[in-house]
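Construct the complete structure from the given sequences, taking the supplied hints into account.
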Amino acid sequence: MIASFVPQGAGTDPKVLGWAASHPLAESVVRPLGLHRAFGAPIFLGCVFVLGLSTALCAWRRTRVAVEKAAALRDARAGREGSSAERHDVRIPVAPGIEDSAVLDAAMRGLSRAGMRARREADRVTAISPSWSAWGSPVFHWALFAVMIIIPAGSMLRSSGQMGLVVGQSRIDEPAAYGSLVAGPLHRWPADARTIRLDAFDLTYRTGGVNRGPTPTVTVMDSAGDVVASQRVYPNHTLKSGALTIYPADYGLAVPVRITDPGGRTLHDRVQLMDFSAQTPDGTVPVGGKPSVDDTGGPMIINVSVPLDRVEGGLAARLPNTPRARVTVTREGGTMIVDRIIEPYGETLLPDGSVMRIGGIGYYARLQLVEDPTIPLLYAAIVIAMLGLGVATLMRQHIVIVHHDAQAGDLVVRARLWRNVVTNREELVSEMTAALEAGRERVT
Amino acid sequence: MNTEVILVWAALALYAASTAFAIIGMVFERAAHTDRAVVVAAVGLMFQSASLVARWVRLGHGPYLGFYEVASALVLFTVGTLVYAAWRNRRLAVSLALVMPIALLLLGGSMLALDAEVPMTAKLSSWWLFVHVTFANLAFGAFALSFGCGIAYVARTRSGERWAHRLAGLPAQEVLENITVRFVLVGFMFWALMIATGAIWANEAWGRYWGWDPIETWSLVVWILYAVYLHARFTLRWRGERLAWFAIVAMPLALFALIGIPAAFNTPHAGIGGLGKDL
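Heads up: the protein sequence lines correspond to chains A and F, in order. Mapping the first sequence onto our numbering, position 438 (from 1) lands on 438, and the numbers just tick up by one. Mapping the second sequence onto our numbering, position 279 (from 1) lands on 279, and the numbers just tick up by one.
Keep in mind that the hints were calculated from the coordinates and are not lab data. A couple of the hints might just be wrong.
To be verified - In silico DSSO-like links for lysine-lysine, alpha-carbon gap of 30 angstroms or less:
1. LYS123/F - LYS240/A
2. LYS15/A - LYS290/A
3. LYS123/F - LYS15/A
What the hints assert, rightly or not - What the simulated footprint calls covered on chain A by chain F, stretch by stretch (three residues with Cβ under 8 angstroms from a Cβ of chain F suffice, anywhere in the stretch; the number is not a length):
4. 1-8
5. 211-222
6. 235-241
7. 339-351
8. 367-375
9. 423-436
All figures in this text were calculated on a predicted structure; none of them were measured in a lab. Even glycine gets a Cβ: it sits at the ideal position worked out from N, Cα and C.
Okay, here's the thing in C-alpha cells:
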C-alpha cells in the first residue's frame, strides 16, 4: 500500500529522482527502506512466498473437506442418509387430520419461503445441492496456487524487448537486434530464427471510428523467408505468432548517416534513430548513442537531430513540412566545432576532411516484442480459478430432507446448512410451521 | 438543458426522495414508506439509466471515462443491486435507509464533473473495457450492500430497544450476517473477475499482465482484504459484531481504489515505453 504512493524504479530513474528532490524528508525514509523497488524486495517476495504456501495449504484442506461434503451430498441424493444427519433432526408437530401429501406440500411451501428450491419425492421433500457444488473452493484455491507458480516460471522463460525498424527494414529476431531487452534465465531463442520486417508505417490510421495513431504494418517470417503473420499493429490489435506477441511501443524519426574518410573508406554507415524529447531545444534526441570519428585532435562526437517547429503537440504535429537535419560535431570535452543544417540527401565536410552524407528523413517504428510461452497456461489457470470461485460463490451447499412421521404426528426435518444459505435452521422451522398452520386452516 | 442532464437531475431528485422515504420509514417504523422508498429508487434507476444511455449514444462510448461516468455507473449498480435485493427479500428494504444516502452523495458529487467529457482513445478502445468495468461496478454494488447490512447489524447490536425496534423488519441477526457474507462473497467474485479481465487485457494490449501500478496494486489490496474477511468467517469462524465492522471498514477502501486512486495518480495503467537503438 505504501509503495503505491512512491514512484517505483532504479535510483537513477528520472521520476524517482524528481520525486526524491521534491520530497526530501519522505525520501530519507523511503530510500533506506528500499521502497522505490518495493515489489522486488526480498521481504516482499518472502511474503508472497508465504502467501503461496498458505494458499496451497488452504487448497489441500479445502480438498479434504470437499471430498467429505461431496460424498455426503451424493449419499443424500441417493437416499443413503448418513447417521450423522440424524443429529440434526428437528421435529415439528403436525395437527391431526392433515393428509400426508398436504403435509409435504406445506413443507415445500415453507422451504420455498425460506429461499430454498425443494423437490417433492414420493414420501419426502428434499433440498439437496449437487455434489459438484462442494468442489468450487478447492478448485479455486488450487488454480490460484497454479497462477502463483506460473507467474515466476513465466518471468524466467519470458523475453521482452524493443526493436526499432524503418520501413522496408527487416531484422532477425535475436538479442543483438534489440535496443533494450530483458530475458529470463531460462528463455531460449528459437533455433530457426524468425525475421521481423516493417512493411509500412501510417502516421494516423482510423478504424472503428477511432484514430489508432501511428500504425506500423509488421510481418513475421520464418527462417525460410515464408510469411508467418502480417498485419497492422496498433493498441488492442497486436500481432501474434506462436508465443511471440508484437505491440506498438512508440515511433520516432530515422535518418541514414554515412561518413567516409578523404580516401573514400566508410567510417560509419547506420540509420540514426531519434525520439521526440520536449526537454531538448530541437525537440529530438538520438537513440543508441552518437557516431564518433577520430582525427588528429581526438574523437569527434557527431550528433544528428531534426529540429522541430516550436509549436504545441508531439512529434508529428511539430515536424516541419520540409524537415532538415542539424549536425553538430563536438570534441570529448564538449567544444563545439561544427553546427550546420543539412538538407535531406545532402552532405557536409567534417573538420578532418571526412564527408558526412544523410539520406531522406523518415519515421521508424519502435516495436515491443514479448515472447512468453506460459501465457496460455496462465490464462487457463485464471479461467479455472474464476469458474471455481463462481461455483463457490453462487452454489448453495445444503442438505434438507423432510418427511412426515405419521405415527408420531411430526414433520421430521434433517438439515445440514453449510454454505451460501441465506437462512438458518430456526427460520426453516418457522416457515414450515407457518405453512403447516396455513394448511390446517384451509382444511378446517 | 439537454435531455441527458434533465434525466440525471430527475434521477438525483428521485434518489433523494427515496432516501427520505427510507429514513422516515425506518425511524418512524412505517413499512409503507419503506416500500415507497424501493419503488421511488427503482424509478430513479430508470431515469439514471436513460441518462447514461443518452450520454453513451452522444459520446459513442459507455460510462467508463472520467469521474462523472465512473461514479455515476457505480451509483447505478449500487442502487440496482439494492432494489433487486429488496425485491427478492422484502425484509432487506430497510437497508435503503443506510445505503441510499451514500448513493445520493456519490451521484451528487459526480455531477460536479458532468460537463467533463473524456474521449475514447486507441488504448482503451476494446471490448475488454466494457467487461472489465462492468465487473468492477457489479463488485462495488455487492460491497455497498454488505456495508449497509454490516451497519444494520452493528446498529441493532449496540442500540437501545427503540432502534432495535426500528430495525426489527430486517432479518434475524444470524440471517443478516449470512446475507452480509453472501454479498461480500459475490462482490469478491466480481472483483476477482475485474482483476482477471484487467490482467488479460493488459497483457493483450501492452505485453505485461501486471505492472504494480497504483490502481492494480490497490485492487489487489482490496481483494486480499476481502479474502481475509472470508477466511475469518469460514476458517476462523468469526461471528458477530467484529465481522460486521470488517465489512463496514472494507467498503470505503474499495471505493478509494475505484475513484480515489485514479484521482490521485495519472494513470489508468500507464503503457510501456523505452529506447530503441540505432541500426
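Please flag the earlier hints that this structure goes against, numbers listed from lowest up.
7
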